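In the working numbering, the protein residues as written are 25 to 123.
Hints were generated in silico from the structure; no laboratory data involved.
Since this is a predicted model, take the numbers as computed values, not measurements.
Treat the hints with care, since some could be wrong.
[As the list claims (entries may be wrong)] Below, simulated SDA-like cross-link-like pairs (lysine to any residue); rule was C-alpha separation at most 25 Å, straight line: (1) K47 - A37; (2) K115 - V38; (3) K94 - Q44; (4) K115 - R73; (5) K115 - I34; (6) K94 - H107; (7) K115 - L25.
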Amino acid sequence: LVFDEVDAGIGGAVADTVGQLLKRLGQSRQVLAVTHLPQVAAHGNQHYRVTKENGTDGRPLSRMIQLDRKTRVEEVARMLGGHEITDTTRKHAREMLAG
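Construct all of the structure, not just a fragment, from the sequences and the given hints.
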């Protein structure tokens, strides 16, 4: 099942609940969820980061990278705190990923 920004227009506790529901659904099915919310992302078992950039010919190029344990923390921290990631946002990201 693919969910593309199923969390649009929500946040906080509701986003956390959506993440929990997607995780539960993933116990019996394969689920791919596209999200910009750390509350949803933190519930995933595997994480990928998708980026878009201009290719050498000027056309858009998408890249998808599987994240390991360390880069999962960095990505959730980035989602929480923007471009400047601090030790506090990393700690919060680790706590969210730990469940």
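To see whether the hints hold, each was checked on the structure:
Of the supplied pair hints, the one linking K47 and A37 holds, its CA atoms being roughly 15 Å apart against a limit of 25 Å. The suggested pairing of K115 with V38 holds, with an alpha-carbon distance near 22 Å, which does not exceed 25 Å. A threshold of 25 Å between alpha carbons decides the hint, and for K94 with Q44 the separation of about 22 Å falls inside it, so the pair holds. A C-alpha spacing of about 20 Å is found between K115 and R73, which places the hinted pair at or below 25 Å, so the restraint holds.
With a C-alpha separation of about 24 Å, the suggested pairing of K115 with I34 holds against the 25 Å cut-off. Distance check on the hinted pair: K94 and H107 sit about 17 Å apart at the alpha-carbon level, within 25 Å; holds. About 31 Å separates the Cα atoms of K115 and L25, which puts this hinted pair outside 25 Å; it is violated.
Hint compliance for this structure: hint 7 is the single one not met.
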